[in-house]
Amino acid sequence: MIVPLEHVLMLAIILFSLGLVCTLVWRSNVIMLLIGIEIMLNAAMLVFVGSSCHWGKADGQVFALMIMAMTSAEVSLALALVVYLHRRRNTVDVDEFRELRD
Amino acid sequence: MLMNSGSCGTKMKICLELIILLPLLGGIANALLGGRLLSRRGSEVMACAAIWGSFAATLAVAAVYSSPVTLEIASWLAAFDFNAAFSLYLDPLSLLLCLMITFVCGLIHIYAVGYMRDDPSFVRFFALLNLFVAAMLTLVLAGNLPLLYLGWEGVGFCSYALIGFWYKDPKNATAGRKAFIVTRIGDIGLGIAIVWLFQLFGTLSITEINKMGFLMPMGVITALGLLMLLAAMGKSAQVPLMVWLPDAMAGPTPVSAQIHAATMVTAGVYLLMRMFPLIGVSATVTAAIAVTGALTAFYGATCALAQRDLKRILAFSTISQIGYMMLGVGAGAISAATFHLLVHAFFKALLFLGAGCVITALHHEQDIFRMGGLRRTLPGTYWPFLAGALCLAGVPLTGGFFSKDGILGAVWLKGGILYGGLYIVGLITAFITAVYTMRMLLIVFGGEIPLNPPLSKGEVKPLPRIMEWPLIPLALLGLCGGIINLPDYLGRGLLNSFLAQPGSQEQILSHSTELLLQGVAVVVALVGMSTAWLRFGGLRRQLRMAEAQQQARGLNAFLLNGWRVDALYGLLFIRPYVWLSSLLWQRIDEGCIDDSLDSMASLLGRCGQWLGSWGQGRVSLSLISMAAGAALMIVWLAWMVL
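Those protein sequences? They're chains H and S, same order as listed. Sequential numbering of the first sequence, starting at 1, is according to our numbering. Sequential numbering of the second sequence, starting at 1, is according to our numbering.
Since no wrong hints were added, every one of them can be taken at face value.
Listed next, with one range per pair, are the computed distances between beta-carbon atoms:
no., chain 1, residue 1, chain 2, residue 2, range
1, H, Arg87, S, Ile181, 55 to 61 Å
2, H, Val83, S, Trp166, 52 to 58 Å
3, S, Val641, H, Ser72, 34 to 40 Å
4, S, Ser622, H, Leu9, 23 to 29 Å
5, H, Gly56, S, Ser622, 36 to 42 Å
6, S, Arg587, H, Asp93, 50 to 56 Å
7, S, Ala601, H, Val83, 32 to 38 Å
8, S, Leu580, H, Leu77, 50 to 56 Å
Some chain S residues flagged as far from chain H (calculated, every beta-carbon gap over 10 Å):
no., residue
9, Leu99
10, Lys168
11, Ile483
To be clear, the hints were calculated from the coordinates, so they are not data collected in a lab. Where a beta carbon is used, it is the ideal one built from N, C-alpha and C, also for glycine.
Extracted from the complex, chain H is given alone in its bound form (with noise of 0.2 Å):
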């Protein structure tokens, strides 16, 4: 393997980070937080890969693909979720979602 583990983990943490950021710096906008969201998922992924790769074992790779799978059906119905809301109240900032707590 060329690239050592050390250095993908070390670039899973940025990317991480950098999700983690996007969430919670970009609360006016809801689509701006389901892309945190998602480069937080390629983070967790590129770890999964790299150590399948480390260790010479199968199971991260399946367990990347299957991350993939569930991303798509979420991003879709969180898109969905979005358009809606935004038909309904006009804006996409998250905080003005806040019924729930009544």
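Got chain H; can you put chain S on it based on the hints?
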């Protein structure tokens, strides 16, 4: 029992199958195709053809019949040592009943074509009417008790559906439900008896059970007999389960005729006859059957005395006549009871169909005190109806006279205080029967036509020929029915010798006693009829008509309401039941169960609200808290590891 080999056997088997299958297929085909693929005429023709085809098959079977046979058509229920096949048992009793049922029902079907010609839901009617016949034939021909029970319940269901045929009026639907529920009380008895019989004998074949009765102690036989008597009480409308039959008049008249004459109510009597070799051994059971029958006969006759509704008079008279049959079974005179069953089927079908003609012609007027003069305006109905009424009243030389006399003679023969008393009750009932029959006849057909609007709904409507035509063969059969079983002094009764069990020797009345008893019966019938004439005949009829415009009081009201049995049952059973169910519903279900669940839910809801008041509900804040919490956990883990 072995079939005689060859083509005769197969032919018989096919015919026997056709007896049941034709009405069944007719009913199913009508239900599936009627209204869409079949025109109204097609529906009617198919329904009638199915029954008459069944009658033809019965005739073919009768032609080749030589000795009792059991035929297994197909397997039905089989599990471990329990086995109940579709097996048919043909013996003189079932053969005679099949002949009667298919013939009488065939005529009723033809009549129904005329009666229902304006009804939009004719498909449902004819399908159910055919199914009704198929169920009754299954019951009669069944070779084992589960199959008999199948027919028994089928008859119950069809009667329910047909009594409530015009279900849009809640009164009719209630009458249907009442019939279903009351007969169900009796059915419980039969259900228990069947299961118990299987546990005792290990078989459910009727012939085998009847042969093995001596193996059991008398107490068990008595209990079984009483259970079957309970079943017969429900189905045959005997005291105390007779309340459903008068209300069953809510159905169309052909249905009433079919229920009363050929199917349904005779099923209970038939069950007792069928199982008589088993249960007849117990003196308690026969006495109970006889007492039930005599009480019912008396009850029905007295109630019929005061009724104003033409169909209700006939309903109570059916209760009374079925009581006679039960009395005959209780006296051990199966052939006499069968004889009365057959003759009664002819004349009661005739009376009901005649009543249907009268009611149709008078624009659905059923109150006899608003009728009159019909002997001139409806001669085609009057003459057959007169024949039926003479049979019912037991006028000498009609079929009804000989059959009723056969039963009373058998009761007399039994002797003793109990049966002597029952004989007296039977005679009194015969007297009352003659009175109410003549009362009905004189009021409906005698006098003049009421013309004023409050009394009549309009001109007498002409009847279709198809409704009057079936009355004639029934009238002839009712009048001449005596020929099939003449008393011994006129030669050996055909029915008696046909039904006689080989080996058993029935006691026979001496000719002089029989003549004496018949003389008494003649006197009773004639005195009864002249009593009715003295009260309702000629000019006195106007007087009674005027009296009838007032509210019934005293004994009259008591009899009009059927001894107030409905009110008594309402007080004894229905009121406590309603009270109990309202208690269970409002106090237990809504008060305890629902209330505790509600309070638990509201408790949980309040907990949630209290917890929810901690949060802000903003997504970003939750995300930051989650990230912070995750960071804290990672730091803690790192602390632990390093």
